[in-house]
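**Student:** Put chain R on the given structure of chain H with help from the hints.
Here the protein sequences line up with chains H and R, keeping their order. The first sequence: position 132 = 132 (our numbering), numbered continuously. The second sequence: position 26 = 26 (our numbering), numbered continuously.
Since the hints were made in silico from the structure, they are not lab data. Being a predicted model, the structure only gives us computed values, none of them experimental. The beta-carbon is built from N, C-alpha and C at its ideal position, and this holds for glycine as well. Each hint should be verified, as a subset may be incorrect.
Stated by the list, open to error - From the derived model, a few chain H residues whose C-beta atoms are all more than 12 Å from chain R:
no., residue
1, I73
2, Q90
3, S93
4, A111
5, Q242
6, D261
What the hints assert, rightly or not - Cross-link-like lysine to any residue pairs, in silico, SDA-like; alpha carbons within 25 Å at most:
no., chain 1, residue 1, chain 2, residue 2
7, H, K71, H, D96
8, H, K71, H, R234
9, H, K71, H, Q110
10, H, K71, R, S49
11, H, K71, H, L10
12, H, K71, R, R306
13, H, K71, R, W190
14, H, K71, H, I157
15, H, K71, R, G99
16, H, K71, R, T202
17, H, K71, R, E302
18, H, K71, H, D99
19, H, K71, H, D88
20, H, K71, R, A297
21, H, K71, H, Q91
22, H, K71, H, H140
23, H, K71, R, I83
24, H, K71, R, T195
25, H, K71, H, A109
26, H, K71, R, L304
27, H, K71, R, Q301
28, H, K71, R, T296
29, H, K71, R, E292
30, H, K71, R, A293
31, H, K71, H, H264
32, H, K71, H, E118
33, H, K71, H, E41
34, H, K71, H, A227
35, H, K71, H, R98
36, H, K71, H, S107
37, H, K71, R, A205
38, H, K71, H, D95
39, H, K71, R, R144
40, H, K71, H, W228
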Amino acid sequence: MSTDYTPRILPASDHAVLVRFGVGPGEGARSRVLQFLQALESSPTLEAMEETPAIASREAPPTHRRVWCSKAIRNVHPAYASVLVSFDLQQWSLDDARDFVTGILASMAQAPAPARREILLPVCYDADFALDLQDVAARHGIAAQEVIARHAAGNYIVSFFGFSPGFPYLDGLSTTLTTPRLAAPRTCVPAGSVAIAGAQAGIYPMDTPGGWRVLGRTPVPLFDAAAWPPAKLRVGDRIRFQPVSRHEFDRLASTGCTLDDSGHVIGGAL
Amino acid sequence: MNVLHVHSPGLLTTVQDCGRPGAAHWGVSASGAADALALRAGNLLAGNSANAPALEITLLGGVFSFERAAVVVLAGATFEAQIGDASISPWQPVLVPAGVELRIGAARTGARCYLCVHGGLEVPRIFDSASTHVTTGLGGLDGRALRAGDRIPIAPPAATVPGGTSTPAWLAQAYVPAAIRVTRGPQWDWFDADTEAVFTSTAYAVREQSNRMGIRLTGPVISQLTEEPLVTEGVSLGAIQIDGTGQPIVLFVEHQTTGGYPKLANVCSVDFHRLGQLRPRDRVEFEFVTFEAARTAFLEQEALLRQLQHRSGP
Numbered sequence: 001m002s003t004d005y006t007p008r009i010l011p012a013s014d015h016a017v018l019v020r021f022g023v024g025p026g027e028g029a030r031s032r033v034l035q036f037l038q039a040l041e042s043s044p045t046l047e048a049m050e051e052t053p054a055i056a057s058r059e060a061p062p063t064h065r066r067v068w069c070s071k072a073i074r075n076v077h078p079a080y081a082s083v084l085v086s087f088d089l090q091q092w093s094l095d096d097a098r099d100f101v102t103g104i105l106a107s108m109a110q111a112p113a114p115a116r117r118e119i120l121l122p123v124c125y126d127a128d129f130a131l132d133l134q135d136v137a138a139r140h141g142i143a144a145q146e147v148i149a150r151h152a153a154g155n156y157i158v159s160f161f162g163f164s165p166g167f168p169y170l171d172g173l174s175t176t177l178t179t180p181r182l183a184a185p186r187t188c189v190p191a192g193s194v195a196i197a198g199a200q201a202g203i204y205p206m207d208t209p210g211g212w213r214v215l216g217r218t219p220v221p222l223f224d225a226a227a228w229p230p231a232k233l234r235v236g237d238r239i240r241f242q243p244v245s246r247h248e249f250d251r252l253a254s255t256g257c258t259l260d261d262s263g264h265v266i267g268g269a270l
Numbered sequence: 001m002n003v004l005h006v007h008s009p010g011l012l013t014t015v016q017d018c019g020r021p022g023a024a025h026w027g028v029s030a031s032g033a034a035d036a037l038a039l040r041a042g043n044l045l046a047g048n049s050a051n052a053p054a055l056e057i058t059l060l061g062g063v064f065s066f067e068r069a070a071v072v073v074l075a076g077a078t079f080e081a082q083i084g085d086a087s088i089s090p091w092q093p094v095l096v097p098a099g100v101e102l103r104i105g106a107a108r109t110g111a112r113c114y115l116c117v118h119g120g121l122e123v124p125r126i127f128d129s130a131s132t133h134v135t136t137g138l139g140g141l142d143g144r145a146l147r148a149g150d151r152i153p154i155a156p157p158a159a160t161v162p163g164g165t166s167t168p169a170w171l172a173q174a175y176v177p178a179a180i181r182v183t184r185g186p187q188w189d190w191f192d193a194d195t196e197a198v199f200t201s202t203a204y205a206v207r208e209q210s211n212r213m214g215i216r217l218t219g220p221v222i223s224q225l226t227e228e229p230l231v232t233e234g235v236s237l238g239a240i241q242i243d244g245t246g247q248p249i250v251l252f253v254e255h256q257t258t259g260g261y262p263k264l265a266n267v268c269s270v271d272f273h274r275l276g277q278l279r280p281r282d283r284v285e286f287e288f289v290t291f292e293a294a295r296t297a298f299l300e301q302e303a304l305l306r307q308l309q310h311r312s313g314p
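Next comes chain H alone, as it looks inside the complex:
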């Protein structure tokens, strides 16, 4: 695998640029993606804070909710080794976007290091939740308990969110558990389902269709559209799964547990 992380900027469309850090997933690319996001969030605004012209297209989000340091940015899509930045074509040309991104890249070294959170996420592997556990065990010729042990032994890192709101792509699944997706996706994977597909691990925060293999369920809500930020996990979080009993799962779920700012699971009142 290439270890050349020299960032490259290319146009993805008439309103988006793609910034690439090397060619493949891995720690080197991920740390650069994370640093780039930090710089994008914290750099002093590179433009005068003038009123956005009365554009018939879209209205800027309220100031207290703006995440990125320029109003011209519409969306940012981090991935394994790249970040896509889409922008308001009324305000910027591709050249403007390229210049802006170049400035952000130059400021990466000065960006504050993100708080590194270590999160212990309770997961229940009860038969009611472990929809594909037996199937995964059979595919690998091992006992279901062994699948659970290998899955729970992993040290995972949140690489990025995609597929659906708050769905984290986790690096760190044991290579001995590499399993293809379901041939036909389920029409509804229950919210909280902890799943694997290919060499990846993930968690479904909402009820959605999905084709990953479900091994268990977490009672911790990971996405709340009414909250800000709405996703409880962050890119760069270190995750370990803590197996809990069905009784403990039910207790946590019914008394309302949540993930706080420092990454601790706070159980509801007993």
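**Tutor:** Okay, now just chain R, sitting in the frame of chain H:
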């Protein structure tokens, strides 16, 4: 306060505005109107801000009424439409008297129209947008398509309805069928030298399985030069992916924020409205343009749209 009553909802009717940019890094798709040009123009003609929430009506409309008289504009494709017994035309503000049925039938050509109500629809906002993301059940009216019996409040109008009743010529022209302009995609060089010629000389057929997430096309197989899989990366609205069977999929308003298929091209922003008007079995052709030409065309269209804001009556 006025209220819109849904007597029958139509095939797929959802509350939409221009969407919710700003949350893609959490996996939240921007969503929004499939034909945002029509939504915005319709809103401006109805005396709303361009981004006011409206109903997106797909292929077959429904039956609606209002508790109080309401001024509405139907914007986008021409649908069979009547207020009581009187037919109504698109792009014109019309008065719907209290309690009188507004019946919207089938689209004559094209796929979608927007029922823009003077004042705008009121639904809870998610990340400052009223738009519905049907696939994940987020936003709009309870995250779903409308049903018979639904009631949606209408916000009190902030401005008067503009005067002028002639449809701007440029707006009509924007919907005359034409090749859809595209720019080269990030994996442009993953395909062989013949691909551009094939891609721009094919009249692709729109498949039934097309929806707000993606428009699936059928045509000659497009082959990659390499077997190498693409490392998942962020995707832009309008990206034209080539799937495992060599067929194009145009990523549309509810697309996922990241993807793993190679992208040959990307639809230009100026022609996004054309995507929103494609129906199954339609034929669509593409032409490549430069990034500069793409922006120039977009800015021209935006300038024309802005003129609709200044048609206000006294």
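**Student:** Give a verdict on every hint.
**Tutor:** Now for the hints, and whether the structure bears them out:
{"no.": "1", "hint": "I73", "verdict": "8 Å, violated"}
{"no.": "2", "hint": "Q90", "verdict": "6 Å, violated"}
{"no.": "3", "hint": "S93", "verdict": "6 Å, violated"}
{"no.": "4", "hint": "A111", "verdict": "16 Å, holds"}
{"no.": "5", "hint": "Q242", "verdict": "24 Å, holds"}
{"no.": "6", "hint": "D261", "verdict": "16 Å, holds"}
{"no.": "7", "hint": "H:K71 <-> H:D96", "verdict": "13 Å, holds"}
{"no.": "8", "hint": "H:K71 <-> H:R234", "verdict": "22 Å, holds"}
{"no.": "9", "hint": "H:K71 <-> H:Q110", "verdict": "21 Å, holds"}
{"no.": "10", "hint": "H:K71 <-> R:S49", "verdict": "20 Å, holds"}
{"no.": "11", "hint": "H:K71 <-> H:L10", "verdict": "21 Å, holds"}
{"no.": "12", "hint": "H:K71 <-> R:R306", "verdict": "20 Å, holds"}
{"no.": "13", "hint": "H:K71 <-> R:W190", "verdict": "34 Å, violated"}
{"no.": "14", "hint": "H:K71 <-> H:I157", "verdict": "30 Å, violated"}
{"no.": "15", "hint": "H:K71 <-> R:G99", "verdict": "43 Å, violated"}
{"no.": "16", "hint": "H:K71 <-> R:T202", "verdict": "39 Å, violated"}
{"no.": "17", "hint": "H:K71 <-> R:E302", "verdict": "18 Å, holds"}
{"no.": "18", "hint": "H:K71 <-> H:D99", "verdict": "15 Å, holds"}
{"no.": "19", "hint": "H:K71 <-> H:D88", "verdict": "9 Å, holds"}
{"no.": "20", "hint": "H:K71 <-> R:A297", "verdict": "22 Å, holds"}
{"no.": "21", "hint": "H:K71 <-> H:Q91", "verdict": "9 Å, holds"}
{"no.": "22", "hint": "H:K71 <-> H:H140", "verdict": "50 Å, violated"}
{"no.": "23", "hint": "H:K71 <-> R:I83", "verdict": "42 Å, violated"}
{"no.": "24", "hint": "H:K71 <-> R:T195", "verdict": "37 Å, violated"}
{"no.": "25", "hint": "H:K71 <-> H:A109", "verdict": "23 Å, holds"}
{"no.": "26", "hint": "H:K71 <-> R:L304", "verdict": "23 Å, holds"}
{"no.": "27", "hint": "H:K71 <-> R:Q301", "verdict": "22 Å, holds"}
{"no.": "28", "hint": "H:K71 <-> R:T296", "verdict": "21 Å, holds"}
{"no.": "29", "hint": "H:K71 <-> R:E292", "verdict": "22 Å, holds"}
{"no.": "30", "hint": "H:K71 <-> R:A293", "verdict": "24 Å, holds"}
{"no.": "31", "hint": "H:K71 <-> H:H264", "verdict": "33 Å, violated"}
{"no.": "32", "hint": "H:K71 <-> H:E118", "verdict": "32 Å, violated"}
{"no.": "33", "hint": "H:K71 <-> H:E41", "verdict": "12 Å, holds"}
{"no.": "34", "hint": "H:K71 <-> H:A227", "verdict": "22 Å, holds"}
{"no.": "35", "hint": "H:K71 <-> H:R98", "verdict": "15 Å, holds"}
{"no.": "36", "hint": "H:K71 <-> H:S107", "verdict": "18 Å, holds"}
{"no.": "37", "hint": "H:K71 <-> R:A205", "verdict": "39 Å, violated"}
{"no.": "38", "hint": "H:K71 <-> H:D95", "verdict": "16 Å, holds"}
{"no.": "39", "hint": "H:K71 <-> R:R144", "verdict": "30 Å, violated"}
{"no.": "40", "hint": "H:K71 <-> H:W228", "verdict": "18 Å, holds"}
Consistency with the previously given hints fails for numbers 1, 2, 3, 13, 14, 15, 16, 22, 23, 24, 31, 32, 37, 39, ordered from lowest to highest.
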